[in-house]
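Student: Sequence:
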Amino acid sequence: MLRELHISGLGVIRDLDLELTEGLTVLTGETGTGKTMLTVGLALVGGARAGAHLVGPGAKAARVQARFEVPDGWGAAAAGSDDVPADWVEDGEVILARSVGADGKSSARVGGQLTTASALGGLSARLIEIHGQHGSLRLLDPSTQTAFLDRYAGAQHVAAVAAYGEAYRRSTAARRALRRLEDDARDRERELDLLRYQVDEIRTIAPEPGETDALRAEESRLAHGERLLELAAAAEEVLAGEGGVAEGSASVARALGSIVELDADAADLAVRAQAVAAETSELGHDLRAYRETLALDPARLASVRDRIGELKSLQRKYGPGDAEVLGFLGEASARLRSLSGADERLEELRSEVEALGPEVTALAEQVTAGRVGATAPLAEALEGELQELGMAGAGIQVTLETLPEPGPSGAERIEIRFRGASGQPWLSFAKAASGGELSRVMLACRSVLADLDDVPTLVFDEVDAGIGGQAGLAVGRRLAHLAVTRQVVVVTHLPQIACFADRHVRVRKEDGLARLDVLDDQERIPELSRMLAGLEASEHGASHAEELLAEAARSRQGVP
Numbered sequence: 000m001l002r003e004l005h006i007s008g009l010g011v012i013r014d015l016d017l018e019l020t021e022g023l024t025v026l027t028g029e030t031g032t033g034k035t036m037l038t039v040g041l042a043l044v045g046g047a048r049a050g051a052h053l054v055g056p057g058a059k060a061a062r063v064q065a066r067f068e069v070p071d072g073w074g075a076a077a078a079g080s081d082d083v084p085a086d087w088v089e090d091g092e093v094i095l096a097r098s099v100g101a102d103g104k105s106s107a108r109v110g111g112q113l114t115t116a117s118a119l120g121g122l123s124a125r126l127i128e129i130h131g132q133h134g135s136l137r138l139l140d141p142s143t144q145t146a147f148l149d150r151y152a153g154a155q156h157v158a159a160v161a162a163y164g165e166a167y168r169r170s171t172a173a174r175r176a177l178r179r180l181e182d183d184a185r186d187r188e189r190e191l192d193l194l195r196y197q198v199d200e201i202r203t204i205a206p207e208p209g210e211t212d213a214l215r216a217e218e219s220r221l222a223h224g225e226r227l228l229e230l231a232a233a234a235e236e237v238l239a240g241e242g243g244v245a246e247g248s249a250s251v252a253r254a255l256g257s258i259v260e261l262d263a264d265a266a267d268l269a270v271r272a273q274a275v276a277a278e279t280s281e282l283g284h285d286l287r288a289y290r291e292t293l294a295l296d297p298a299r300l301a302s303v304r305d306r307i308g309e310l311k312s313l314q315r316k317y318g319p320g321d322a323e324v325l326g327f328l329g330e331a332s333a334r335l336r337s338l339s340g341a342d343e344r345l346e347e348l349r350s351e352v353e354a355l356g357p358e359v360t361a362l363a364e365q366v367t368a369g370r371v372g373a374t375a376p377l378a379e380a381l382e383g384e385l386q387e388l389g390m391a392g393a394g395i396q397v398t399l400e401t402l403p404e405p406g407p408s409g410a411e412r413i414e415i416r417f418r419g420a421s422g423q424p425w426l427s428f429a430k431a432a433s434g435g436e437l438s439r440v441m442l443a444c445r446s447v448l449a450d451l452d453d454v455p456t457l458v459f460d461e462v463d464a465g466i467g468g469q470a471g472l473a474v475g476r477r478l479a480h481l482a483v484t485r486q487v488v489v490v491t492h493l494p495q496i497a498c499f500a501d502r503h504v505r506v507r508k509e510d511g512l513a514r515l516d517v518l519d520d521q522e523r524i525p526e527l528s529r530m531l532a533g534l535e536a537s538e539h540g541a542s543h544a545e546e547l548l549a550e551a552a553r554s555r556q557g558v559p
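Here the sequence shown is numbered in numbering that gives the first Met the number 0, starting from 0 and rising by one per residue.
None of these hints come from the bench; they were simulated from the model.
Please note that the accuracy of each hint is not assured.
[Said to hold, decoys possible] Quick list of in silico lysine to aspartate or glutamate cross-link-like pairs, EDC-like style, CA-CA up to 20 angstroms:
| no. | residue 1 | residue 2 |
| --- | --- | --- |
| 1 | Lys508 | Glu207 |
| 2 | Lys311 | Asp182 |
| 3 | Lys316 | Glu330 |
| 4 | Lys316 | Glu414 |
| 5 | Lys311 | Asp199 |
| 6 | Lys430 | Asp453 |
| 7 | Lys311 | Asp321 |
| 8 | Lys316 | Asp212 |
| 9 | Lys430 | Glu414 |
[As the list claims (entries may be wrong)] Now the in silico label distances, taken between C-beta atoms and shown as ranges:
| no. | residue 1 | residue 2 | range |
| --- | --- | --- | --- |
| 10 | Thr115 | Ala322 | 29 to 37 angstroms |
| 11 | Glu3 | Gly511 | 23 to 31 angstroms |
| 12 | Asp14 | Gln521 | 21 to 29 angstroms |
| 13 | Gly372 | Thr115 | 34 to 42 angstroms |
| 14 | Ala213 | Gly329 | 17 to 25 angstroms |
| 15 | Gly329 | Gly356 | 39 to 47 angstroms |
| 16 | Leu228 | Glu200 | 51 to 59 angstroms |
| 17 | Gly31 | Asp182 | 57 to 65 angstroms |
| 18 | Arg349 | Gly406 | 32 to 40 angstroms |
| 19 | Arg195 | Ala322 | 34 to 42 angstroms |
| 20 | Gly243 | Gly329 | 23 to 31 angstroms |
| 21 | Ala213 | Gly247 | 36 to 44 angstroms |
| 22 | Ala51 | Gly372 | 19 to 27 angstroms |
Cβ atoms here follow ideal geometry from the backbone N, Cα and C, with glycine treated the same way.
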């Protein structure tokens, strides 16, 4: 349950602390004192949308911190998100916090650690449920009515609804993917044909890295074979022929060898001459070997030129060199494998769609059966609650209209219809119920669900909209009944509701800022008098206030 709420910089609230207890806590005060900002603050720690407009005048930021008391082991069961700190519960308590800067940027914390607003909202939904000023209007939404019927049908039914929703989602996704693949089949086949041709062409020619450069060098030697032979023969003659360079360098080396015998200073010259003679002799051998490699081979030249032509044809299409062509081959092969797998994927999707069809149908039938079985009991339960809320004779009818095709929520459209008295036609809430009736129907719905969930704290803001007098007393009794098993916080203008409070908090404005006063039994009388007559000191109002408190006390004795 909610133990403490601290708010600063939010609207007219500069700095405010509210301690809460079990039972029914009622917040009252004149219009504009900031009562509703308390529920706005709770909505913020519930992950509601934040904005700079919430920051009060002169404040740098609006901050809200709510301290909840939770049972042992509850934290481990509630934490189901990577955004939730593992140690967010400490000493049986959890603190949820939210801040909004004047620039509109907000942050969320759980147990002092940063988290996301969505994670904060997920956790707070297990701790507190807020029915705001326009909460009853949600009853006009078919999805709200559907969710209400499903929750009333029980946990097993809710699990079936979830299973149906998941199967429907998977079936829809599979059908969408199948349709996309089938629509793309013609384009895919065209691309497959082109890719197969390209891959086959490259693999048939089978280029190798650096092959073009090597072939161009070979082509040059073959094309200039005669000239190369002539030049090599001439060079060899000059170098190794009679009286050639080799013979001359050998003579020089011998002469310098003889000189060294007579003059040691010529030793260096002799060594160099011997090296030149040796190099010249080796060059002669190498030149002869090179000349022997040269040949006139027109057939090989033609073959080389043909191969170069094949490689160039690939390079004109797929890249400027062997490396680029081979790179294209790799990419095209990968794309070909991917597209070729589409046929297998098509078959998989067809099988999946075929298998999911009966599953979705079976689950839809199960959901429909659960809803059909819950319609009459729900209508009866709501009518009983409406009687308790002073709407004797009001009726509820829950209808199921079969849809042409099952949708995300099932195979039928749910509508809860209302009539104010016996004999009147059944109409939708939008056409049949007044604002006051909607408020009481919403409270009746919440009362019916009270035993079906474990949310420990309920907050009602302006549940008294459009009602008063005996209807207000009836609403007060029902809120008191709810507060027997959980904590209930109510913001109200009605003294007929406020008189049922276990704890009465008055919100007032002082120097333009909100202030809180926890009222004792005697202080409640002038506050209720003000709510009744507009004057705290009114004798008539005070007398009426005492009567209300006495009536509430008598009613409470009968609350189970």
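Student: Would you pick out the hints that fail for this structure and give their numbers low to high?
Tutor: 1, 2, 4, 6, 10, 16, 18, 19, 20, 22
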